[in-house]
Structure formats: structure tokens, C-alpha cells
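Novice: Residues per chain, in single letters:
There are 2 protein chains.
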Amino acid sequence: MSIPNAKIVDCTIRDGGLVNNWDFSVEFVQDMYRALSLAGVEYMEIGYKNSPKLLKGADAGPWRFLDEGFLREVISKKSDTKLSALVDIGRVDENDILPREQSALDLIRVACYIQDVDKAVDLINKFHRMGYETTINIMALSHVMENDLVEAFEEIKKSPVDVVYVVDSYGNFDHKDTNYLVSKFQSMLPEKTLGIHAHNNMQLAFSNTLLAHEKGVSFLDSSVYGMGRAAGNCNTELLVGYLKNPRYELRPVLEFIEKHMLATREKWEWGYIIPYMVTGLLNEHPRVAMAARASADKDKFAEFYDKLTSPEVNPAQSIE
Amino acid sequence: MSIPNAKIVDCTIRDGGLVNNWDFSVEFVQDMYRALSLAGVEYMEIGYKNSPKLLKGADAGPWRFLDEGFLREVISKKSDTKLSALVDIGRVDENDILPREQSALDLIRVACYIQDVDKAVDLINKFHRMGYETTINIMALSHVMENDLVEAFEEIKKSPVDVVYVVDSYGNFDHKDTNYLVSKFQSMLPEKTLGIHAHNNMQLAFSNTLLAHEKGVSFLDSSVYGMGRAAGNCNTELLVGYLKNPRYELRPVLEFIEKHMLATREKWEWGYIIPYMVTGLLNEHPRVAMAARASADKDKFAEFYDKLTSPEVNPAQSIE
Chain A
10 MSIPNAKIVD CTIRDGGLVN NWDFSVEFVQ DMYRALSLAG VEYMEIGYKN SPKLLKGADA
70 GPWRFLDEGF LREVISKKSD TKLSALVDIG RVDENDILPR EQSALDLIRV ACYIQDVDKA
130 VDLINKFHRM GYETTINIMA LSHVMENDLV EAFEEIKKSP VDVVYVVDSY GNFDHKDTNY
190 LVSKFQSMLP EKTLGIHAHN NMQLAFSNTL LAHEKGVSFL DSSVYGMGRA AGNCNTELLV
250 GYLKNPRYEL RPVLEFIEKH MLATREKWEW GYIIPYMVTG LLNEHPRVAM AARASADKDK
310 FAEFYDKLTS PEVNPAQSIE
Chain B
10 MSIPNAKIVD CTIRDGGLVN NWDFSVEFVQ DMYRALSLAG VEYMEIGYKN SPKLLKGADA
70 GPWRFLDEGF LREVISKKSD TKLSALVDIG RVDENDILPR EQSALDLIRV ACYIQDVDKA
130 VDLINKFHRM GYETTINIMA LSHVMENDLV EAFEEIKKSP VDVVYVVDSY GNFDHKDTNY
190 LVSKFQSMLP EKTLGIHAHN NMQLAFSNTL LAHEKGVSFL DSSVYGMGRA AGNCNTELLV
250 GYLKNPRYEL RPVLEFIEKH MLATREKWEW GYIIPYMVTG LLNEHPRVAM AARASADKDK
310 FAEFYDKLTS PEVNPAQSIE
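In the order they appear, the protein sequences are chains A and B.
Count the first sequence with our numbering and you get residues 10 to 329, in order.
Count the second sequence with our numbering and you get residues 10 to 329, in order.
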């Protein structure tokens, strides 16, 4: 099988915004768009297209509630690098979305849990009719039973969605899990393009992304310097540096890291940090680790591990 | 094929010593031995058994020039965790080595470049006769031509060496390289147990180690919190947490990280750092990146990349 060319979808502003509450300056975002354009990255996810009316936290800045007027000011001249936004079920007001020809956005991605695939497909139908490229990203697949997944595939199969994502929200997948799910998606959705969104809790995000790509997955999510929630994502600079495609240039990404990411990492934390490794290993949502990292006990790793593995402390471990 | 049980060889003191010039306190090393013993780790490499007469830098502390008397003071009571030391060709005085029954050491590993395999085999013959378990670690395999490797295998095949290591000194291997070399070693050395020593320049050390293990490689090198030269090694805590073997316990390793490694990492640097990523990607020795990190230009990543990729700046790139 010949491997389709990868399309890198850089999620730094969107997934990284979960780290710093979208505290990115306009200059940061403009420099990033320029760097990704020069690097040959195909898509930049520039934030969430959620509605401030439907979600608290409207103080989080413009990248969480993208506005078309603002977006045109920030990215006044588009390059080959397309722009993407993510929407969450129940947090997007469809009336906020312009038809694609009037929008700076090219791609709208819909994130949902397995029980909301019907709602996601409904949104995708609408976005598709408005001319957008679309993806569906079913989150937390490591907590999904296969009969539910098979049922969801039936909905997705009938939808016009362009790309279906394998999402390892908890950073729990190893190569066998990645292999298994990609094969499953490929056999159940033979007509769909696939994507992968990996988290780096066990330092496997880059490896899982490469292995998925070699099996034919073409949309590869990443973020610069790995910036993303908790342990972060597959690193854009690793993909750009590693993948054999003459369009990719590593240097602009390195320049951006040097100019912006080192200082950002000084101010905010993400990456391979022990509590995130532990939640990845235990296949748990990172929120408990994020809470620990925000507390005075942030470095009490053994205690944290006890808490997550002792039934008397963590009720989730003792439910039958 | 059933996969042989892994044997974890923790190299923190030895390979990590290359980071901090072996500035480990006796308490640090004792706590580590206790932690690895409780964690079920099979081997702890406690340093180099080089001779201060044959190597400058005798100020580097006892872990670079292990002395049996000192070792017995440090590890007064041995657990199930065996002790290992590494020797370099030309830096070891064979007269320094006691017979195994008088030594605290169980395993002596011989590191060499491909052109010194004959000298390594000669040493191994001697150590073997003295009762030690032995390994041969051919370094920098990503710079070795296969005809030379095949020739080396002929020497190794005839030797009594217990374990032959696949060593990715430059952190350049991906899963295809790992797969290729492990298969090659297995077909050429069917009687030998194999080991892997990976570096983490591209965040692939853990993944490569797992993939090698699944192909039947059983000696897995790692270090706690990844501490090792430049980008460091596969993380011991990831192996202990991930591998399915009831003897392994993650908690003691987490406790050790909490007590010692966070402060050590504050003082010394290793891990995923851009210049190391670049040398890994370009399949170069990390020394040029280590020099850059020790200079005032440590964070000039784009300039560093230019230096390594421009023939007019890096003569190695223009030699034909």
C-alpha cells in the first residue's frame, strides 16, 4: 500500500489554549501562522469556534470564541496553510458560522463523546452544506466499548464528514492500541480519510502518530513544542523534521520555538510530567493530575499514585 | 513467539553521570539501589569500571572509577537487583577486576565502536572466565556499514558473551531501523540474548525499546526520569509501569523521582531539548549540541540548525 501524503494539523493555539487559558498575543499567533506557512504545515487550528453565550469563561480571549472580523485582522493575508477551528457539542451557536466563502476558516472540526455522535453528525451536515471541510473527533476512545463504536460508525458512514479521527485523549495508547483502532476504523469506514490526535503522557504521541500514518492515516495532529493540555501532543517539529516530503521545512518551526515557545514553557507547564504519565498509564482523564499540579502537593508523586490506585481513596477504583 | 521476560538494566548512575560528571552523593546511589530493588528492576549499572590511570578526569568521583572496597561500603547488603559496570576499550585495567566471587559486581558490559570489537571480545573472554555475566555494546550503529557489522558478528558468535546490545547512541532510530537491526542481529546471532540501549532525541526511546522487546529483545536499558547523556534514555518508570510482570512496582521509582530527580533536573539538564532533537534527526553525535548547550548561544536553535545543515559551515556535510 502506498502511504497517502500526511497533512499536518497544528493544534497549538487550540489545544495549547487549554494550558494557558488562551493567553496568546496577536503577535504570537501571527508569527505562528507565518512559521507554519513557511514550514509547509497544511492546517493551523487557530482556536475554538464556541459561542460565549453558551460557555462561561468569555474572558479567555479571542481564540476560544473566534470571531470572523477579528480573524481577518489577525490573518490579513492567507498562505497555503488552511485555517481550522474546533467546535464542541452544545457550545457552538450555528448562527455564528458564516458560509465558507465569507469565512477565514477552511475546516471545522467537531469534537464529541461517543454518546453525542448523532449531534456531531447533525452539525457536520450543516457545516458541510456551508462549504467547509469537516472532521469528527470522537474523544476518549480508550473508554469506549466496541459495540458503541460500531453503532457510531453507522451514523458516520452515512454523513458527508471528510475525516474521522482516532483520538487518544488520555495518552493511554501504545502501538498495539493504535494499530488495533486504526485497523478497525479502516475496515468499518473504508470510504473515509482518517486522522489521529495523540497525547504524550507516556512519550508515545510521536511514535503512535508515525505508526498510524504508515497504516494509511493521513491527518496528523500536532502542536509546536508539544504544547497541549496536560502532557501535550505530538510535536509539530518532529513531524516536520521527520516526514519525507519536500514541502516541509524544519527551520521556521525551530525559529518560532526559539522566539516564543521557550518563554511560554517557562510561564506555563505541559509535557512529560509524572502525574500525567500516571493518568496515561492508568487510562484516566488527566483532570485529576491537573488538579494535583495546581495544588501545593504538585510534586508528591507517590501519594498521587496511591490516591489513584487505592480503592479506599479513589472510589472509581472500587465500583463494580 | 512467546516474548521472553524483560530484564531492565537501569543506567542512571552510569549514563546519567555523563550529564553531571558523576556528581551523585552516596545517599543518592543508596536510595536508588533501594528504590530499584523494591521496584523489581533486575540490574543497576552503578558506574564505570575504568581505571584512573588510563583516563583523565579522576576528579569525577567514585562512580566513574568503581572501587570494590568503596562499593561494598555503599551497597552493604545486596538485594535481588544485580550490579553492573561498564568498561570502555583502552580505559580499563584488567588487573583492577576481581574474580566475581570477590566482587560486588555481577555483570560487566563492554562498550566499543565497531572497529574495536576484537578488543572487546578479548576483554569479554577474560571477564567471562572470572565468572561475570557479560554484554557487548557496539555503539553508534547508525554510522556502521552492514559489511562491517557482519564481520563483527563472526567474532561475537565465537565469544562467550551473554548479551549483545543494539545501541542507538545518536537517538536516530525510528521503529523501522529498530526493527531492521533487531531482525539482523537475531538472524546473525541466533544463540545470543539481545539487549537494546536507546536515546531519546526524537522521543522514540521508550517506543523503540517496547518494539524491540516485542521482537524478543530482553535486556532493556533505561534510566530513572530518563537521565542520560544529552537527550537521555528510555525512562525506567515507563518500563516499570508499562511492562506486565508482577515483580515490577512503580511506586518506589516515583518516590525516588520525587525525592531526588526533580532537584537533580533543576541543577543539570538532559532530555528533549531542541539541539539534541536536531542531532538525532540528522544522525549526528550529540557532542556538537552539548557544546551549543554549554555556550551563550544555547537557545539559538535556527542558527544551530543552519550550522549543521550548511556545507559551508559544517565541513562534515560537504565531504564527498
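These aren't lab readings, by the way, just hints derived from the structure by calculation.
Predicted model only: the values in this text are computed from it and were never measured.
Note that beta-carbon positions come from the ideal geometry of N, C-alpha and C, so glycine has one too.
Do not rely on the hints blindly, as some may be mistaken.
[Claimed, not checked] Selected chain A positions facing chain B (Cβ under 7 angstroms, derived; list incomplete):
1. Asp76
2. Phe79
3. Glu110
4. Met197
5. Leu271
6. Ser304
[Said to hold, decoys possible] The list that follows gives simulated cross-link-like pairs (lysine-lysine, BS3-like), each with its CA atoms no further than 30 angstroms apart:
7. Lys193(A) - Lys309(B)
8. Lys87(A) - Lys193(B)
9. Lys253(B) - Lys276(A)
10. Lys309(B) - Lys224(A)
11. Lys316(B) - Lys201(A)
12. Lys316(A) - Lys193(B)
13. Lys253(B) - Lys253(A)
14. Lys193(B) - Lys307(A)
15. Lys253(A) - Lys86(A)
16. Lys309(B) - Lys91(A)
17. Lys224(A) - Lys316(B)
18. Lys185(A) - Lys316(B)
19. Lys309(A) - Lys87(B)
20. Lys86(A) - Lys166(A)
21. Lys16(A) - Lys201(B)
22. Lys276(B) - Lys185(A)
23. Lys276(B) - Lys307(A)
24. Lys87(B) - Lys16(A)
25. Lys16(A) - Lys316(B)
Novice: With a cut-off of 7 angstroms, does the beta carbon of aspartate 76(A) approach a beta carbon of chain B closely enough for the hint to hold?
Specialist: violated (33 angstroms)
Novice: Run the distance test for lysine 87(A) versus lysine 193(B): straight-line Cα separation, threshold 30 angstroms.
Specialist: violated (49 angstroms)
Novice: Verify the interface restraint on leucine 271(A): the C-beta must sit less than 7 angstroms from at least one C-beta of chain B.
Specialist: holds (6 angstroms)
Novice: Does lysine 193(B) pair with lysine 307(A) here, judged by a C-alpha cut-off of 30 angstroms?
Specialist: Violated, at about 45 angstroms.
Novice: Straight-line Cα separation of lysine 309(B) and lysine 224(A) no greater than 30 angstroms?
Specialist: Violated, because 36 angstroms separates the two Cα atoms, which is more than 30 angstroms.
Novice: Please work out if lysine 253(B) and lysine 276(A) have their alpha carbons no farther apart than 30 angstroms.
Specialist: Distance ~37 angstroms between lysine 253(B) and lysine 276(A) Cα, so the pair is violated.
Novice: Holds or violated: phenylalanine 79(A) as interface residue toward chain B, Cβ cutoff 7 angstroms?
Specialist: Result: violated, 30 angstroms to nearest chain B Cβ.
Novice: Is the straight-line distance between the alpha-carbon of lysine 316(A) and that of lysine 193(B) 30 angstroms or less?
Specialist: Violated, at roughly 45 angstroms.
Novice: Holds or violated: lysine 185(A) with lysine 316(B), Cα cutoff 30 angstroms?
Specialist: violated (39 angstroms)
Novice: What's the verdict on lysine 16(A) and lysine 201(B), does the C-alpha distance respect the 30 angstroms limit or exceed it?
Specialist: violated (43 angstroms)
Novice: Just to be careful, I want the Cα atoms of lysine 309(A) and lysine 87(B) compared with a cutoff of 30 angstroms; is the pair within it?
Specialist: Measuring from Cα to Cα gives roughly 28 angstroms; hence the hint holds.
Novice: Would the pair lysine 16(A) and lysine 316(B) pass a check requiring their Cα atoms to be no farther apart than 30 angstroms?
Specialist: Within the cut-off at roughly 29 angstroms; holds.
Comparing the model with each earlier hint shows violations of hints 1, 2, 3, 4, 6, 7, 8, 9, 10, 11, 12, 13, 14, 17, 18, 20, 21, 22, 24; every other hint is respected.
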